[in-house]
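**Student:** Protein chains in written order, with this note's numbering: chain A, 1 to 330; chain B, 1 to 299.
Treat the hints as calculated values from the structure; they're not laboratory data.
Backbone N, C-alpha and C fix where the C-beta goes; we use that ideal spot for every residue, glycine too.
Be aware that a few hints might be false.
[Said to hold, decoys possible] Residues on chain A that point at chain B, a partial pick, calculated with CB under 10 Å:
| no. | residue |
| --- | --- |
| 1 | Gly4 |
| 2 | Thr9 |
| 3 | Glu22 |
| 4 | Val24 |
| 5 | Leu30 |
| 6 | Ala33 |
| 7 | Tyr69 |
| 8 | Ala135 |
| 9 | Phe266 |
[What the hints assert, rightly or not] Quick look at which bits of chain B chain A covers, simulated, 3 or more residues with Cβ under 8 Å:
| no. | segment |
| --- | --- |
| 10 | 71–77 |
| 11 | 85–95 |
| 12 | 158–164 |
| 13 | 181–190 |
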Amino acid sequence: MTGGAIAITQRAASRRRRLLIENVQAYLFLLPAFVVLLVFKIFPALYAIYISFFKWDIVQGAFRGIENYTDILFGSRAENWWRSVSTTITFALITVPFEIALALVIAYLLFQKIRGRAVYRTIYYLPYITATVAAAAVFEYLYHPQYGILNTILSSVGLGPLRFLQEPTGIFEMIGNRFGADVPAWAAGPSLSLVSVAIFSIWHFLGFQIVIFLGGLGNIPVEYYEAARLDGANPRQVFTRITLPLLTPQIFFVFTIASIGVLRAFNEIFVLTNGGPLDTSRTVSMLVFRTFFQQGQIGFGSAMGVLLTLLILAFTLVQFRVLERRVQYG
Amino acid sequence: MSEVVLPRVSVRALRRPAVPPIRSSLFVHLVLIAVGGLVAYPFYYMLTTGLKDFFESITSPPTIFPTQGLHPENYIEAWSKAPWARYFGNTVLIALLNTAGELFTAVLAAYAFALMNFKGKAVLFTVLLATYMMPAEATLIPNFVIMTRLFRPNDLDHIAQGYLVQVLPFLATAFSIFLLRQQFLSVPKELRDAAVIDGAGHLRFLWSVVLPISIPALVTVAIISFYGSWNAFQWPLIMTSRPDIQPIQVGLNAFRDTARSQYHLLMAACSFVVAPIVLLYLVGQRYLVQGVARTGIRG
C-alpha cells in the first residue's frame with residue numbers, strides 16, 4: 001500500500017469517526033427535549049386513546065371498545081355532545097368574523113402615519129397579555145345585573161336591565177319579545193350569556209389579530225400603492241383592490257387560529273358562566289372538562305377529548321396548508 | 001420545512017410607517033381613541049373599583065370616578081384575606097423553573113436541528129412537528145391520570161411533588177425549539193467554519209458564539225414561557241387543591257368565592273394579579289410582539 005492510500009483511508013476513518021461523534025452529540029443535545037415531549041406529550045396522546053376505550057370512572061373499568069364513541073355520537077350522550085358542538089360553532093360564528101373585521105380595521109388605521117402609534121398598539125395589545133381569569137373576573141363585574149356599568153348604560157337609553165351572563169334566552173328571541181313578535185325556537189339565536197362571553201373573547205384576542213395583520217400590511221410592497229395612486233384610485237378602492245386581497249394569507253391564518261381558539265376556550269367560560277345558564281355556553285372544551293373532572297367519567301371524557309383534538313387538528317392542518325402555499329407562491 | 005410552521009412576518013415591517021393614506025388623520029385618531037377607550041375601559045374600571053369603598057362599589061348606577069375618596073387600604077384588606085404571598089411565591093418559583101428548563105431543552109435541541117448533521121434528522125423533526133400540532137387538550141386527561149398516579153401533589157408531606165406536577169409537563173415545548181432553531185439557522189456559516197478551525201467543539205461554539213448573538217430570541221422564549229406560567233390555569237386547577245402549592249390564577253379564582261359581592265376587594269386583587277405581567281409586558285413588549293409576529297402563535 002502506498003503512503004497516499006494509507007493517508008486517504010486514515011482520513012476516511014477519521015471522517016467517519018467525526019461523523020459518529022457528531023451523531024452521538026446531536027442525539028445527546030436532543031435527549032432532554034425529546035424525553036420530556038415523549039413522556040408528557042406523545043405517550044399521553046396515545047394513552048388518551050387507550051383510556052377512551054374503557055369504562056373509566058375514576059378507576060379503570062371494563063373494556064368497551066368504541067362504545068364510548070358511539071354513545072357520544074349516536075347514543076345516550078349524543079344530545080349533550082351535539083348540543084355542545086352546536087354551541088361551539090355558534091360561539092365561533094359570533095366571535096371569529098367580528099374579531100377579524102375589527103382587527104382589520106384597527107390594524108389598517110394603526111398602519112397610517114399617525115402620532116402615538118406605539119401608545120395605541122400598547123393599549124390594544126394589553127387585553128391579550130392579561131390573564132383570562134383576572135380579565136374575566138372584571139367582565140363578570142361589568143356584566144353584573146345590578147352593579148354592572150353595562151346595565152347603567154343600557155337603562156340610560158331606555159333598555160335593559162339585562163342579566164347578561166345569567167341570561168339563557170336567545171338574543172333574537174329577546175329582540176323579538178321586545179317588539180311583541182313571537183320568535184320560533186329555531187330562530188332564538190345564541191343565548192345572551194354566550195354572546196356576553198363572545199364579547200369578552202373578542203376583546204381579549206383583538207390585539208393578537210392586529211399584530212398579525214400589521215405584519216401582513218408591512219409585507220405589501222409600497223409600489224402597489226403608488227401605482228394605484230397614480231391610476232387615481234380612491235382610498236376605498238385601494239383597500240378593497242389591493243390591501244384586502246394581499247392580506248388574504250393573514251386573514252386565513254387568523255381565521256384558523258381564531259377557530260382553534262374557540263375550540264380550546266376554557267378559562268373565560270369557566271370563570272364567566274361555568275357553561276351555564278341552562279348549559280347555553282357549554283362548549284365542547286367545557287363539556288370535556290365537566291365530564292372528566294367534575295363527573296369523574298374519565299373514559300367518556302377522554303373519548304370526547306380525542307374527538308375535540310381531531311377537530312382542532314383538522315383546523316391546524318388547514319392552517320399549515322395555507323401557510324405552505326403562501327410560502328411556495330409568496 | 002420550518003417556513004411551513006413559522007409564517008415569517010417581517011418585524012421591520014411592524015415599525016415601518018406606511019402608505020395607504022387616509023386623508024384625515026383626525027378621523028383615524030377618533031376611531032382609534034374610541035375603540036381604544038373601550039378596550040382599555042375594563043382596566044380603568046378594575047383599578048378605580050379597587051379604590052372605591054364597599055358601598056360605592058355596589059352603588060347603582062355605578063360611579064365612573066370614585067366619589068367617596070380613594071381607599072388604597074382595599075389592597076391591604078384583599079391581600080390579608082387570602083395567602084397571596086404564597087400564591088405569588090409559588091407562581092414565581094414555578095415560572096422560573098419552567099422558563100429555565102424550557103430554555104435549556106430548547107437551546108440544545110434547536111442547535112442540533114439548526115447546526116448539526118445526524119441520522120434521522122428529518123424523522124425527528126417530523127415528530128417535533130407532530131407534537132407541535134398536538135393541542136394541550138389532547139394530553140390534559142391522560143396527563144391528569146398519569147400524574148395523579150405517579151405523584152401526590154396535594155400531600156402535605158410531599159410539597160415538592162406539588163410543584164413538580166406543575167413544572168414537568170412544560171419543560172420542553174416544540175414552539176420554543178422552532179423559534180430558536182429559526183434564529184440559529186441565521187448564524188453565518190463562516191462563524192462555524194472559523195470555530196472549527198480554532199478547534200472549538202459544538203458546545204463551545206454554542207456557548208460562546210451562538211448564544212451571545214441570539215439573546216433577543218432567547219429573551220422572547222423566556223418571556224413567553226414565563227408569561228405562560230404566570231397565566232396557567234386549567235392544569236393547576238385540576239392538579240392542586242391546597243393553597244400551599246397553588247399558583248396565582250387558581251388563587252384568584254378561589255378568591256372570587258371569598259370576596260363574593262365585595263367587588264372592591266376582588267378588583268383590588270385582580271389589579272395586583274395583573275400588575276406584574278403588565279409591567280413585564282411594558283418592559284419586554286418588543287420581544288413579546290416580535291415573538292407573535294415571528295411565529296404567529298397565540299398562547
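**Student:** Sort out which numbered hints this structure fails and list those numbers smallest first.
**Tutor:** 1, 2, 7, 10, 11, 12 and 13
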